[in-house]
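A.B. asks: Listed below are the residues making up each chain.
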Amino acid sequence: MTPPPRHSAAQLRIDPIDCRAHGLCAELFPEVIDLDEWGYPLLTHPDIPPGLLIRAKEAATACPTLALRLTH
Amino acid sequence: MFGLPAIAQDMTAIAQGAARPADAQRLRRRLGVIPGRGACAHPDGATGLVASALHVFARDLDAHLAGDPCPAAAAPTPLPLPAPTHHTRGWQ
Numbered sequence: 000m001t002p003p004p005r006h007s008a009a010q011l012r013i014d015p016i017d018c019r020a021h022g023l024c025a026e027l028f029p030e031v032i033d034l035d036e037w038g039y040p041l042l043t044h045p046d047i048p049p050g051l052l053i054r055a056k057e058a059a060t061a062c063p064t065l066a067l068r069l070t071h
Numbered sequence: 000m001f002g003l004p005a006i007a008q009d010m011t012a013i014a015q016g017a018a019r020p021a022d023a024q025r026l027r028r029r030l031g032v033i034p035g036r037g038a039c040a041h042p043d044g045a046t047g048l049v050a051s052a053l054h055v056f057a058r059d060l061d062a063h064l065a066g067d068p069c070p071a072a073a074a075p076t077p078l079p080l081p082a083p084t085h086h087t088r089g090w091q
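Heads up: the sequence lines are chains A and B, in that order. Heads up: the first sequence begins at 0 in numbering that gives the first Met the number 0, then just goes up one per residue. Heads up: the second sequence begins at 0 in numbering that gives the first Met the number 0, then just goes up one per residue.
Hints were generated in silico from the structure; no laboratory data involved. The model shown is predicted, which means the values in this text are computed figures rather than measured ones. All C-beta atoms in this analysis are idealised placements derived from N, C-alpha and C, irrespective of residue type, glycine included. Just to be clear, a hint being listed does not mean it is correct.
As the list claims (entries may be wrong) - Counterexamples of contact, computed for chain B against chain A with all Cβ distances above 10 Å:
| no. | residue |
| --- | --- |
| 1 | Phe1 |
| 2 | Ala5 |
| 3 | Gln8 |
| 4 | Gln15 |
| 5 | Gly16 |
| 6 | Arg36 |
| 7 | Gly37 |
| 8 | Ala45 |
| 9 | Ala57 |
| 10 | Pro70 |
| 11 | Ala71 |
| 12 | Pro75 |
Unchecked claim - Simulated DEER-style distance windows between Cβ atoms:
| no. | chain 1 | residue 1 | chain 2 | residue 2 | range |
| --- | --- | --- | --- | --- | --- |
| 13 | B | Leu80 | A | Pro48 | 43 to 49 Å |
| 14 | B | Gln8 | A | Pro15 | 40 to 46 Å |
| 15 | A | Glu30 | B | Pro68 | 44 to 50 Å |
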């Protein structure tokens with residue numbers, strides 16, 4: 000039996016406790032992050048393709064409350 | 000704490016016969032974006048309750064959206080909420 004392919008895509012996550020709806024993430028990374036009507040982020044595609052990794056890192060670094068995190 | 004107060008206001012307007020079909024559509028949209036995004040499971044439970052009520056009481060919902068208020072909407076609440084204190088102000 001062949002093992003299932005390892006899922007190695009990087010993922011963006013939002014800590015709902017830390018997030019204060021600054022909205023920087025959606026401005027920096029609109030391909031993946033949308034805002035709801037109250038200004039809180041909605042991840043449209045949490046799995047980040049390799050080509051967008053740098054953008055995802057930049058958005059995570061720019062989050063004023065460090066609520067946006069990139070995990071592998 | 001923005002989504003649940005908005006949903007509570009929507010439900011109040013529906014019960015009072017003050018909401019219209021477009022308001023119910025907005026409510027359903029709101030119910031779709033809240034689950035899984037709170038700091039705990041309270042929003043999931045509250046939105047689940049409202050979604051269930053819209054489904055089970057669909058006939059009443061139609062009547063309310065046509066301007067017919069719930070007879071109980073004008074009655075005093077059986078469990079009145081305490082007035083906000085300095086501890087609760089800001090997050091309620």
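A.B. asks: Which hints from the list above does the structure break, by number from lowest to highest?
C.D. replies: Of the numbered hints given earlier, those the structure breaks are 1, 2, 6, 7, 14, listed in rising order.
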